[in-house]
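Q: Per my numbering, the sequence shown starts with residue 678, numbered consecutively.
If you are wondering where the hints come from, they were derived from the structure by calculation, not from laboratory data. Everything numeric in this text was worked out from a predicted model, so none of it was measured. All C-beta atoms in this analysis are idealised placements derived from N, C-alpha and C, irrespective of residue type, glycine included. Don't take every hint at face value.
Here are the simulated lysine-lysine pairs, DSSO-like style, with alpha carbons at most 27 Å apart [as the list claims (entries may be wrong)]:
(1) 766 with 741
(2) 737 with 783
(3) 698 with 734
For each label pair, taking beta carbons as the anchor points, the in silico distance ranges come out as [stated by the list, open to error]:
(4) 713 with 755: 26 to 34 Å
(5) 746 with 768: 31 to 39 Å
(6) 778 with 754: 22 to 30 Å
(7) 773 with 751: 29 to 37 Å
(8) 713 with 746: 42 to 50 Å
(9) 708 with 759: 52 to 60 Å
(10) 734 with 760: 15 to 23 Å
(11) 691 with 738: 23 to 31 Å
(12) 729 with 780: 19 to 27 Å
(13) 707 with 759: 49 to 57 Å
(14) 706 with 738: 29 to 37 Å
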Amino acid sequence: MIQQEVSMTVGIVGGTTALVKETLLGGSVAVLMFITEPVAALSTVVILLSGTLLYTKVTKPRIKRMGIQRQQIQAPLTRYLLQGFGGVKDIQVLGRADDFSNQFEKQNLVVQ
């Protein structure tokens, strides 16, 4: 769980850094283009903005649907994990760790 959060955070920070870098670079190129060739620059901006808007319209519903699926899958997994920790806690509190270990060893012998 913590490893997932760390990976997600690293991904977000890396993505944000890349976005800032690309924005600055794109802005610099756009300024240079508008100074040297305004008509071509305006045409390029219109084409790129149209493509960006189209891409966003197409992908946003799909990403939203995938996010909802992830939430629906993650909720039971978290619940099962917490129930497992609760079971371990109950075993420790009730002093039945030895009984549990014995049953586990017997089951392992059957499996082998």
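Q: For each hint, tell me whether it holds in the structure or not.
A: Status of the hints after comparison with the structure:
no., hint, result
1, 766 with 741, "violated (37 Å)"
2, 737 with 783, "violated (52 Å)"
3, 698 with 734, "holds (24 Å)"
4, 713 with 755: 26 to 34 Å, "violated (56 Å)"
5, 746 with 768: 31 to 39 Å, "holds (34 Å)"
6, 778 with 754: 22 to 30 Å, "holds (26 Å)"
7, 773 with 751: 29 to 37 Å, "holds (31 Å)"
8, 713 with 746: 42 to 50 Å, "holds (48 Å)"
9, 708 with 759: 52 to 60 Å, "holds (54 Å)"
10, 734 with 760: 15 to 23 Å, "violated (42 Å)"
11, 691 with 738: 23 to 31 Å, "holds (25 Å)"
12, 729 with 780: 19 to 27 Å, "violated (60 Å)"
13, 707 with 759: 49 to 57 Å, "holds (51 Å)"
14, 706 with 738: 29 to 37 Å, "holds (31 Å)"
The structure shown violates the earlier hints numbered 1, 2, 4, 10, 12.
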